[in-house]
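Residue numbers (the numbering used here), protein chains in the order written: chain G, 14 to 321; chain E, -1 to 635.
Read the hints as simulated data drawn from the structure, not as lab findings. Where a beta carbon is used, it is the ideal one built from N, C-alpha and C, also for glycine. Heads up, a few of these hints could be off.
Unchecked claim - Each pair of labels, with its calculated beta carbon distance range:
(1) E/618 x G/127: 56 to 62 Å
(2) E/217 x G/70: 19 to 25 Å
(3) G/24 x E/388: 39 to 45 Å
(4) G/70 x E/495: 56 to 62 Å
(5) G/157 x E/362: 43 to 49 Å
(6) G/39 x E/616: 50 to 56 Å
(7) E/360 x G/210: 54 to 60 Å
(8) E/364 x G/123: 48 to 54 Å
(9) G/38 x E/217: 36 to 42 Å
(10) E/388 x G/86: 34 to 40 Å
(11) E/514 x G/27: 34 to 40 Å
(12) E/364 x G/112: 33 to 39 Å
(13) E/360 x G/157: 24 to 30 Å
(14) E/236 x G/86: 48 to 54 Å
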Amino acid sequence: MAAHLIPRVLQSIAVVFVVVSLVFVGSRLIGDPIEAYSARNATQEAIDAARDRLGLLDPMIVQYGNFLWGVLRLDFGDSIFSEQPAWDEVSSRLWATVQLSLAAFVLILAVGVPIGVLAAIKRGSIPDLLARLLALVGQAMPNFWLGLLLIFVFAVQLGWLPTSGRGGFDNLIMPAITLAGFGAAATMRLTRSGMLEVLSNDYIRTARAKGLANRTVIVRHALRNALLGLVTVLGIMLAQLLAGSIIVEVVFAWPGVGRLIFRSISLRDFPVIQVGVLVIAVWFVAINVLVDLSYNILDPRIRVGSGA
Amino acid sequence: MTRHWTRLHRSRLSRRSLLRASARAGVGAAGLALVGCGGDDDDDDQPQTVAQAQPQDQPQQQTAQQPQQQQTAQQQTVDQQEQQVEQQAQQVEQQEQQQEQEELDRSTAQQEAAVSEVDMDAEIIVAYGSFPPTLDITTAGGGGGQGASNNLHFAALAAYNSGRVIQPTGGFGDWEFTEDLSSFIWRVKEGVTFHNGEPLNAESVQFYWERILGRAEYNPDFESSLRARAGWMGEISIVDEHTVSIAMDTPFVDAPEQSGGINFGLLPKQYIIDNGDDHFANNPIGCGAYQFMSWIPDQEIRSQRFENFAFDHDAPFQWKRGWAKYITGRYFPEEQARAAALEAGEVDIAYRISPDVASQFEDRDDFKVIALPDVRVMALELPVNQSLDPITGEANPWRDVRVRQAANYAIDAQAIIDNLLTGTEERAYSPFPAGYDPPIGNLPGQYNYDPDKARALLEEAGQVGFAFTITLPTGLWTADRIWMPAVQQMLNDVGFQVEVDYADFGNALSLIRNNEVPNPFVFNQAGVSSGAPLGPAFAYRLVTTVGAPYSHAQETDDFLPEFQEFQTLIEQANAEFDQQTANDLYYQAAVISYENAFQVPLFGLPHLYAVRPEILYNEYYDTSTGFNPIYAQKLKT
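Extracted from the complex, chain G is given alone in its bound form (with noise of 0.2 Å):
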């Protein structure tokens, strides 16, 4: 195990090296920071002082340097906008966004696989085009109108639960209920549809025939197979939702990282939007190694040292 993990980490590593390069790149393509640091009408001194203040001044395999050590140290330099420093605004948002992530991705596996595998094992039934009728919804809902329809129904009109806002855990319900809409949508079809593939395989005529319980066939040998193609898919969409949350954050007033990061690209808040993609990137890369490990787990075909 060690032995595979190592050179993956090592891998991910180089991965967030490259990530973190570009945005060091991309940051100094897109303009002349010193244009958002200065002041209207800012004199030349001002500006010179500026340039000096924030190094630009310094060679470019200097600056690289620079960007470099103050990553390892996490020392972005401070927002543009807030004059903060710049990962104190990104971490501060972040765990937000990470809680709201996890919670959307909770209900995407409660709700998405459950209803897929058993759409798939009640295939023609009501169920299952009930089944396919939400996925459809899920799908074709546009998330700020799912989330105003239910801030409306179980907010406004039965009182319920907070319209918006971060606090406790009902807080939580219904912006996690519509950040996950679209992925516990597409979850369930892609349950539905791998499941159907795998119990159409002839293991599973043979589990059957040797009398195992139904149960254990759909559980132990169905689903497992059936969850190895959707792991990969699932990997990406929690990547997803970290990045992809800002409708939600924007529609129940969630303080996340998302708007932070989407205002900080409309101002060119360097430092912010640097922060931002590298949490992101990190992020990415993380979750991917995840996926790589689960597959260990999932498939006794790939762990290291099966022979398989």
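Given the structure of chain G, go ahead and fit chain E onto it with the hints provided.
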């Protein structure tokens, strides 16, 4: 030149003045009839008392048989009738005054009764559509944070009356120019403390200007968005414990506003030096009516009434003690979510909502809609001084006056008002507050909706299909996402190809302020109400000139000759201490601007707020933020 300020259609006539005018018109009509028709009593619908007086006098006049006497008698009759009518008018006036006094007494009694029911321990929760990125007023100014933080936590030196006229006395400081105009003096109100108990004195005032200017020793690198506004300040010296003097290289007529105006929130020197800028930006201390308690970025700001505030509830100007004990601002970037929070009872006030959302709350017992006026005018600012189009790199089409005029003729602002807004907004033809004549100069008339003319002008200029983007700061201006698509479509209908960038308000403001929006952008301009000493043309200097806070123009631009003339006049006016002369110069500049269509004015927008019924709001100060929660009262329920 005061004729320029003749109001078009907004002067409000009271019932009393209408009665008096109609009575006088009746006398005039009767007199004309007598003189012209030789005693013909052919009267119409004039006051009955006039007609009744004629038969008694007429026989005597006829027996005299002398035209001169008759004329004299007629004149006397007219005089008598005038006197009678004047007496009647006076009676009517007295009755009206009596009624008004009774109404006033009743209203005052009601207000007093209501005040006794005000819950002084209440918490008022306000749902905002924009939130500040930092709580330091000197870096967050104009970033959408005024309502949620700046207005509550900070106070500035100057006082304004309700018409936004800056007052020489009555605020946190009194100001005056030295006789030789070499210095500008602020005398700080004595006995004032910041929320942490630190005294407000000359030293703290000197510090906060020097901090803005990057001259404060503790951190000369401090960057403030107000630095350009304070650029006129020379040496700042302490005269005595409560008096500060600012040296002026050249006399600066706007010194009171640009040193003690609403953007210049007073800050505690020692607190900042001891704790640093970062700490201050997260834990602000001011001397405003509310003191900071806590904030969660992008989510919530909590404030508590400052019990040692320097002014009371009935102070004459805008600085007043708060009513509610706590004010909590919560951030709801999505308008429907803001309305839903009010509907669900989570908040007391939905701040700045669109007419269609406001209509959800109208005519309901459980909510009220408050509409506050704004003298500012929404306008499309055009980049006229760049030789090249920043997007295409080709010749800038906006330098052709025909293109600019086409944009002015293309938009049917009245239709937008009637169909998309509340219908009560006023069409604006210039950055003057709605209701003022536009300064048309040599133009045949004002720019009214005329799509055919717009198309023809665009064709003549060879610019059919001219593609550009409009940046619209969103989240603060009423119904921004409703009327902007209509503006876009109307421009497209005459041959433009317009895209709209719906930008976050705070971000867009910063970008515009830093001259990073080279394309046309929408902004609310004017900012000077009818009562302001320099009249509304003064507003032009805030709009398109070099050095204006939200303008395309920069010194390095390739000015159009007309713009150069405009800019020169504005600069002369800015340096002119005689108000009448300054006013005339501003007006001349305004004419040039209007003739050359440097902008596309649209309409004045009211600010709409939906509130719970127990919220009372009786104050109005014409500031850019409109509703100020400091003045909001929550009645006991």
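Verification of the supplied hints:
1. E/618 x G/127: 56 to 62 Å: With a Cβ separation near 58 Å, residue 618 of chain E and residue 127 of chain G satisfy 56 to 62 Å, so the hint holds.
2. E/217 x G/70: 19 to 25 Å: Distance hint for residue 217 of chain E, residue 70 of chain G holds at roughly 21 Å.
3. G/24 x E/388: 39 to 45 Å: holds, 43 Å
4. G/70 x E/495: 56 to 62 Å: violated, 42 Å
5. G/157 x E/362: 43 to 49 Å: violated, 26 Å
6. G/39 x E/616: 50 to 56 Å: Holds: the Cβ-Cβ distance is about 54 Å, inside 50 to 56 Å.
7. E/360 x G/210: 54 to 60 Å: Holds, since residue 360 of chain E and residue 210 of chain G (Cβ atoms, about 57 Å apart) stay within the stated range.
8. E/364 x G/123: 48 to 54 Å: violated, 38 Å
9. G/38 x E/217: 36 to 42 Å: The hint (36 to 42 Å, Cβ to Cβ) is violated, given that residue 38 of chain G and residue 217 of chain E are roughly 32 Å apart.
10. E/388 x G/86: 34 to 40 Å: 38 Å Cβ-Cβ, so the 34 to 40 Å window holds.
11. E/514 x G/27: 34 to 40 Å: Check passed, 36 Å falls within 34 to 40 Å.
12. E/364 x G/112: 33 to 39 Å: Between residue 364 of chain E and residue 112 of chain G, where Cβ atoms are some 34 Å apart, the hint holds.
13. E/360 x G/157: 24 to 30 Å: holds, 26 Å
14. E/236 x G/86: 48 to 54 Å: violated, 42 Å
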